[in-house]
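In the order they appear, the protein sequences are chains P and U.
Under the UniProt record's numbering, the first residue of the first sequence is numbered 1, with each subsequent residue one higher.
Under the UniProt record's numbering, the first residue of the second sequence is numbered 1, with each subsequent residue one higher.
Since the hints were derived computationally from the structure, they do not count as laboratory data.
Every clue listed holds true.
Which stretches of chain U does chain P cover? Using the computed rule of at least three CB atoms under 8 Å from a CB of chain P, they are: (1) 64-76; (2) 86-93; (3) 99-105; (4) 114-120.
The calculated label-pair distances, taken between Cβ atoms and stated as ranges, are: (5) U/Arg131 - P/Leu21: 51 to 61 Å; (6) P/Glu150 - U/Thr67: 54 to 64 Å; (7) P/Pro17 - U/Thr67: 56 to 66 Å.
Where a beta carbon is used, it is the ideal one built from N, C-alpha and C, also for glycine.
Listed below are the residues making up each chain.
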Amino acid sequence: MGARETTVNVLLVLLLPAVALTALFIGEAFYITLATRIAILALAAVGLNIALGLGGLVSFGHAAFFGLGGYVAGVLATHAFNMEPVAFGLPGTTAMPAIWLVAILLCGLVALPIGLVSLRTSGVYFIMITLAFAQMIYYFAISWPAYGGEDGLSLSMRNGFPGLNTAKPFPYFVVVFVLLLAGLLLFHRLRASRFGAALEAARQNPARLAAIGISPFAIRLVAFVLSAMITGLAGALFADLNRFVSPSMLSWHMSGELIVLIILGGKNRLFGPLAGAALYVLFEYALGGLTERWQLFLGLVLLAVVFFARGGLIGLLAGRPRHG
Amino acid sequence: MVEPVLDVKGLEKSFGALKATNGASLDLRPGEIHALIGPNGAGKSTLINQISGALAPDAGSIRFLGTDITMLDTARRARMGLARTFQISSLAQEFSALRNVMLAVQARQGTSLRFFRPVASDVSLTEPAMRMLSRVGLADRANVPAAALSHGERRQLEIAVALAMEPKAFLLDEPMAGMGPEGSKALTGFLDGLRREAPILLVEHDMDAVFALADRVSVLVYGRIIATGSVSEIRNDPEVRRAYLGEPA
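Based on the sequences and whatever the hints tell you, model everything.
Laid out in structure tokens, this is it:
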């Protein structure tokens with residue numbers, strides 16, 4: 001990483017806690033929620049960045065994992081509240097660590113068969129087949145009345161974390177921010193590792209990777225599953241932020257939004273997802289207040305990025321990536 | 001007779017009406033360089049792609065180190081010790097020369113599912129990779145991205161990657177292609193020594209190199225091996241002269 005990229009990254013990391021702390025002192029809880037929202041979307045995109053950035057796998061179905069994570073939080077909390085077992089006599093829970101673990105494991109389990117099928121294809125077929133799987137889960141959620149169907153599911157209160165009052169915005173921001181940092185650290189280590197080397201080679205030249213004895217399919221499958229797990233964790237956090245989960249978290253708009261975050265920030269850049277999420281939420285907030293059609297302007301920005309700044313915001317600020 | 005390292009029997013492959021491989025058989029014995037020559041469009045690349053696993057044959061069998069590998073995929077064959085280089089250099093373009101070779105070292109070690117330790121400071125990867133780069137004369141270009149290497153350097157890097165696999169047999173697809181006379185000469189000398197490490201199936205258009213290196217030569221025409229023999233036998237084979245060397249019989 002170049003010195004300039006390091007500076008940009010440090011500033012980006014400091015940005016969210018700075019906003020949240022300032023908001024805490026001036027008593028504007030809304031801005032803490034805004035910073036939390038950025039951090040959660042960034043974490044979801046960090047997950048996708050493993051598949052899309054490192055692996056070159058344009059998954060148009062990551063909303064499936066984002067939404068599943070959200071429903072894990074909602075469903076477990078609902079069962080705990082009603083004191084009904086979820087299944088096989090297992091109780092629900094309102095403890096975040098347990099919810100996160102279930103969300104991560106479930107998303108990994110679901111991503112495995114999806115990956116096994118989807119990764120047999122590539123290019124536009126891969127995009128379409130991941131979209132198809134996600135839409136199946138979306139329609140399933142809509143048509144299953146037990147958990148609110150189309151109306152979604154409200155959480156009567158935010159789930160808890162031992163020793164913290166997560167009902168207050170700032171402690172919850174801290175929880176989310178620490179998880180984002182963990183996600184970023186994981187991405188960083190992953191990219192520098194043997195697995196990361198193989199995954200990036202699978203993106204650059206799969207025939208070469210096979211010729212030296214590493215199956216690109218196996219490497220991509222592991223990446224896809226890891227990627228889904230992180231996005232699923234972010235989904236659980238998102239449900240807790242809004243105290244609400246609905247099928248819209250599973251919809252293809254959400255999948256597209258996650259891709260947009262990465263393109264805006266800079267794909268395959270460590271801090272691309274965070275930069276993209278910050279930009280996206282700021283746009284949504286600043287322009288959303290002026291017009292309902294704020295996404296039109298977002299579209300224009302996206303066009304500008306694709307034509308003039310392929311490296312996204314990070315590329316614009318820090319220059320081209322370095323490879324060792 | 002010594003058991004061949006690689007034994008190809010009755011391979012057939014059609015693309016629509018075109019029979020690109022038509023009952024081709026050849027073998028590779030320990031310690032030898034076996035050159036595969038043939039006019040353009042004879043099906044050399046199609047044959048190499050079937051041996052390496054990139055293409056599935058319609059019929060026939062491929063045995064490697066006594067095992068039938070006809071149904072195995074490319075990666076499995078490579079892990080067994082079959083190293084190929086590509087006719088058109090095929091590397092991880094964004095990676096440096098060193099990282100390209102390091103990847104082959106990690107593939108040989110079978111350690112690609114390690115997620116945390118950074119490779120850049122891992123001497124169990126960098127040290128063997130540097131050694132391979134030195135062997136092909138690329139040590140001072142170790143940190144240059146593959147995309148920024150010259151054509152000749154990329155050919156050398158292909159060889160270094162194959163070396164790092166510590167293979168039991170090399171499949172070299174036109175390693176001299178596009179190299180200047182100096183480079184070809186140096187590579188010829190290098191391959192001459194390499195056969196002591198593992199036998200080489202060499203597809204090559206450079207006849208000087210073929211005649212200088214090959215213990216045996218097979219001639220492929222229209223997907224069929226029309227002759228196999230020593231350099232002098234092939235040179236004097238009337239059918240080969242007619243079909244390939246372009247001389248009237």
